[in-house]
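Each protein sequence line maps, in turn, to chains A and B.
Everything in the first sequence is counted per the numbering used here, starting at 183 for the first residue and increasing by one.
Everything in the second sequence is counted per the numbering used here, starting at 183 for the first residue and increasing by one.
If you're looking for bench data, these hints aren't it; they were derived computationally from the structure.
If you're wondering where the values come from, they're calculated on a predicted model, not measured in any experiment.
From the three backbone atoms N, C-alpha and C, an ideal C-beta is built for every residue, glycine too.
Treat the hints loosely; a few may be bogus.
[Stated by the list, open to error] Quick look at which bits of chain B chain A covers, simulated, 3 or more residues with Cβ under 8 Å:
# : stretch
1 : 251-259
2 : 393-399
3 : 673-679
4 : 760-767
Number of protein chains: 2
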Amino acid sequence: MRDDARYPPDPWGLAEQGISLDRLAQSESLFALANGHVGLRGNLDEGEPVGTSGTYLNGFYESYPLQYGERGYGFAEDGQVVVNVPDGKIIRLQVEDEPLDIHRGTLEHHERRLDFRSGVLERELRWRTASGHAVEVRTRRLVSLSLRSVAAIEYEVTALDRKVRIALQSNLQVNRARPGEGDDPRAARHLDEVLRSHLSVSENKRVVLGHTTHVSELAVASGMDHRVECDSELESLTQAEPDLGRVTMSAELQPGETMRLVKFVSYHWSSQQSVEWLRDQVDASLESALAEGFDGLLEEQREILGRYWERADIEVDGDDELQQAVRFAMFHIFQSAARNEGRAIPAKGLTGTGYDGHAFWDTESFVLPVLTFTAPDTVRHALAWRHSTLDAARARAEQLHLRGAAFPWRTIRGEECSGYWPAGTAAFHVNADIADAVRRYVMVTGDDDFEERFGCELLVETARLWESLGHHDDYGAFRIDGVTGPDEYSALVDNNVYTNLMAQRNLESAYHCTGRHPSVARRLGVDDDERERWRAAAEAMFIPFDEQAGVHPQDDSFLHHQPWDFASTPDENYPLLLHYPYFQLYRQQVIKQADLVLAMHVRGDAFTLEQKRANFDYYEPLCVRDSSLSAATQAVVAAEVGHLDLAKDYLYEASHMDIADLERNTGDGLHMASLAGAVIATVSGFGGLRDHGGRLEFRPRLPEGLERLRFGLQLRATLLRVEVTQDEATYRVERGGGVHLDHWDERVDLTAQHAATLPIPPAPDLPAPSQPPGREPGRRRPRQPIEYVPLEAQPVDDRA
Amino acid sequence: MRDDARYPPDPWGLAEQGISLDRLAQSESLFALANGHVGLRGNLDEGEPVGTSGTYLNGFYESYPLQYGERGYGFAEDGQVVVNVPDGKIIRLQVEDEPLDIHRGTLEHHERRLDFRSGVLERELRWRTASGHAVEVRTRRLVSLSLRSVAAIEYEVTALDRKVRIALQSNLQVNRARPGEGDDPRAARHLDEVLRSHLSVSENKRVVLGHTTHVSELAVASGMDHRVECDSELESLTQAEPDLGRVTMSAELQPGETMRLVKFVSYHWSSQQSVEWLRDQVDASLESALAEGFDGLLEEQREILGRYWERADIEVDGDDELQQAVRFAMFHIFQSAARNEGRAIPAKGLTGTGYDGHAFWDTESFVLPVLTFTAPDTVRHALAWRHSTLDAARARAEQLHLRGAAFPWRTIRGEECSGYWPAGTAAFHVNADIADAVRRYVMVTGDDDFEERFGCELLVETARLWESLGHHDDYGAFRIDGVTGPDEYSALVDNNVYTNLMAQRNLESAYHCTGRHPSVARRLGVDDDERERWRAAAEAMFIPFDEQAGVHPQDDSFLHHQPWDFASTPDENYPLLLHYPYFQLYRQQVIKQADLVLAMHVRGDAFTLEQKRANFDYYEPLCVRDSSLSAATQAVVAAEVGHLDLAKDYLYEASHMDIADLERNTGDGLHMASLAGAVIATVSGFGGLRDHGGRLEFRPRLPEGLERLRFGLQLRATLLRVEVTQDEATYRVERGGGVHLDHWDERVDLTAQHAATLPIPPAPDLPAPSQPPGREPGRRRPRQPIEYVPLEAQPVDDRA
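When you get a sec, could you build the whole thing from the sequences and use the hints?
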């Protein structure tokens, strides 16, 4: 049983019955809609009550100077924060002069459901005013996957037992940021009064606003238009103010009569175009949207998502919660990226302002691996975005006295925005993570054009960085000193195994890529001597191993440190970073998130199975998972080494990070990488997929309780379907040509329309490793149940 | 020849002939007067032109919130910055309605001289107005060593060839901070409008002002009163405004006639007393000052300084510049501490706002060792101040999840104010440095009362810190991981040798002290078990040594790192911290300041002579001396291992840090620790003094060019005079009882009035180690000569 029963299992959707005011922010994130360009949080149509009101455009940000108690050379100078653009979601209803507000009157029914196949957020409510007039409201909201700038809302209100006069107000309004800022460094910075009005025009039921940001000097135009269907006579008014567009409509509805409003919203922004031109684009987009109508947009939505699910769907038999959670993950990953053309995929997608809307390494390390096999076009776009920031990355490398490109730890536009360099700039592995995403994308898609135009340069500039970051020591070994690996509870260490292994692959990839594309290599000034240095550095890469302990140290000094005193660490002191200084975390054996274990997943080719087992057993009792980026990786490696039950528990945690709000910050936005991690834990954990060399390997094995796992992989023109049961796995080419793969070290050459069914070796019987006390995976950890209080039970607040 | 000839050699003073507007700020620091409570920068009497106007009260500060790009648990929350209190130095002269301003008219003569025996800053100038009226002005300024709150200025103006009407204005005024703040983290933060007026009263020629600070809520009263001698009739006016007191006097002087004004200023501040009470104190102090008169104060000044010089004077025969520089150092060290009762000795003394007026570890490590042998009362006060901040240090330790007390890296009032923890809080050695100052003070003075009341608790609480900071590893060794040593170009390292050796001594000192004082131990809750743990930790302290390289690594990983590429580092990239990121500095072999070499000085008992030689040779080519805390220590160890010429060059650099403005930031205040370092380099370098065990050791040896070195040491009631020549050393008890010492491993037991003359072994002939290119010691480095432009040669600026 899920400990939070608010979202009952539902194979193709997420439904909330009733509404909990305490958890509004979480539900706004879960019900967020996006298409990679526009993102709307799942705010109530009437705008209030609200956790965080959010309407975001990918890449639209404001910047502000970063302050330091003590400044140092090369510290990031400016922060960038995603901007809340004019909110076009708002539709307010007044019934017999009483505003529909779930605080008032009686909310007799309330239900929302996000449908994964149509991408629509549906809402149904029945409300009775204090004076006893009842209405039923049904709304459907979508962010179009076909018209990139467009969102649409269908709002139907029906009079129930009595005749009622209703007024609908549809707004497009600038929401002011809320004051105050907490101490949690993971939350967003609030900037006040970011948007300056430049334009406000209306025509019939259309209003278009134009704004610019103060410091980043970006322009945005936002517009709305409406279609109304109502049998009764309609009185209406359209207003346009600098920060507000509003269309008010009033009608009298007979019992059973329905008024239907369809609202179309469009957003265009630019760093170069004038507000006037952007306004033209908004007007054009609104015209196209009106032509499609809500139903037309919905039909395209179903088609696009249908094609995605055909490739990407993951079927999990035997665990309804997991089935739902994995599809929830696949849905959000797709909509965060579908139309991201030329933009990043931020850590929270477009679902909230957590981490200021920045993109980190987790996009390349978690999100892109999933999309590479299911929606490869979005990966091309995401990596082309990285490529578009190369100048900033090269400038950053130069500033740091390094060569090549140093990509930022966190950014919106490409500049380093990390205000704490030991856990930011020093985490150079982001560069190898980007390179590995390039390698994987090219390997899986065979996209030569991408490799020539973007990929090769990304590999070359990151390889140059690594060559300048490391050095050959007196014994010839290539060391990389003073960097920070994925585990943020260590910093500035020598020879972090993950970093060194990823750098090694980065150097090898650049070597091979420039070998494949000599003309690109020439264009980039790469000569044989440089290639040879990359090869030599990769070959000599130092990977520390402690013979005595029989494990890989996370870095040179890790094993010498004092083990963390878990026995004296009370539950309320997690996450540790909010209760202990970095000083203490860095100098002791305690791990925030999979680091060496992540290396064993993505660079599994560098470890023997015995090493993986010993390492996993060693690091498991040290890892507190204070990061959402850990459980999925632990699931993958647990599954590989044979701890299948543990893997399942970690998969549960990764997949329920947001649905169960395990870290209590889903309100700031969804954890895209954890969602992707849930998919990875399924496909690479129980599906056993690896992509180390030139061919795919599978070592599938299901835990008890899962009967069947079925997933698809798009490999160039081929759609490969993999079906795993307890005893055997079937590989089938559903579309396209043949494919070569390994199944448990057995070579399998599948031809078109061919299938192969192969046995799965039984799991070994291993003693399960332990976790730090109280840090067992989510399902195992006893947890306070979250009380769902239906709104009707709450006292009515008669605020004016 | 000194490369800057502005301050000609002068055995008992520092004189400036002419005035350089470019270097006003430097001269203001050099000519600063203080007594440990009040500090006046050497600003011109007329207040302008000015580098930085400064009037400081020890401990009087304002606080402000420290900002961070990304905040973390335990980051220092508030900064503290020394406040510029109302400026009572200002006396303005108007001659025939034309203001004496060195920009205007013709400055025919200008000379200032700081006298080390009287503690008086003298000024003499002859000025002719544009209309041709000439006056001679002679001023003398002192900050009283007897009346702690009082400063006095004698201002004499004499009409020369013609009769002139003059007006003198004596101000007490709040100076507004200048806007703007550079990128150099070593400079001070500027806060605007810190002082709020509470009180402003006048009576005859007396004005008293009362102010409070906004955030730190401190109160200060400042007052001035005047005595005038003039044969002519005097017109005068006294004004009192919230931020200004002013007395204006006008008289007509016949040729040759002199008007003499004596101005007395007094400051009292408190965190608890009311402004009104402080005003009473100021009025009382002014009354006392009036009773003493300028000459009375001057006489006491000479007496107090005479007693100091009798104990503390250092005679250096054979190098006039060095003689002057060492006395300059001894003078400033004394006046920074003389009346510091209950307060810290900041890094800049009270001579400027550099480092925000904070005190660091260098007080205990450099300044106090000098004062311990020459003015031990001030050391008692300085350590009692540390003791008074124990509650803050204990709270800090608790916040950091440590035991005992964690003293701040930088502070005014006791709270941690470091805005960059890897080079602040992580530099825990400050605690052992404090403990070592306690140990030395008690050893040298035998002050049992101090030990019982303050010293023992300081040792105990710091020992507790170390016990909680380190741990016994699997082999039993006691490791201290993740801390920062003195070298700020490394950070967060394991087993920094300096730190571990100092912690070892700290633990031993606490063990012995609690053994000597069982009742104090009981009061502090120390039992045998705890003492035994300290002893065991000290005994098992891990001191890394690299057998292969034959040297001590600065820390566990130092020798594995890449050597800095000095060949590719242009001169203009020094200091490195302003041109390279910490990231690069930390991960390579490059040293900002003596670290392992400092360990070899203060813990010389832990190294063999051969190790010292090998270590010195290894680290010397890596040390860039981007800190003023390095040259002196390098001088000491160079002298010990036998590089006498090099030691002399380092001594020259340490002693001329400010006189020659070697780091170009003397304008922010004097480098007190470098001044103290110059004394240490003399006494411990060429005098060979060490104080490791229970008795003093001397291994004196002079470099070529020095004929004789003579210095005194106050040891309990005994005044020991040491005289060193090229061939022999003479130890003489000048006052008090006998003393035991070692001379080059020979035990010497001196009795009262007894002297012993012993031979000095010849210096070995060693190849000199090299420094990084361009980083040779000051005297060896070619340097742009600083042009002294006499003011008369400058164009007259007729600004209104």
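Taking the hints in turn, this is what the structure says about them:
1. Evaluation of the coverage hint for the stretch 251-259 of chain B: fulfilled, as 8 residues show C-beta separations to chain A shorter than 8 Å, against a requirement of three.
2. Beta-carbon proximity to chain A at under 8 Å applies to 0 residues in the stretch 393-399 of chain B; the threshold of 3 is not reached and the given coverage is violated.
3. A count of 3 residues in the stretch 673-679 of chain B with a Cβ less than 8 Å from any Cβ of chain A is obtained; the coverage claim is therefore met, three being the minimum.
4. As drawn, the stretch 760-767 of chain B meets chain A at 7 residues by the rule of a beta-carbon pair under 8 Å; at three or more, the given contact holds.
Figure legend: structure checked against the earlier numbered hints; the only hint not met is number 2.
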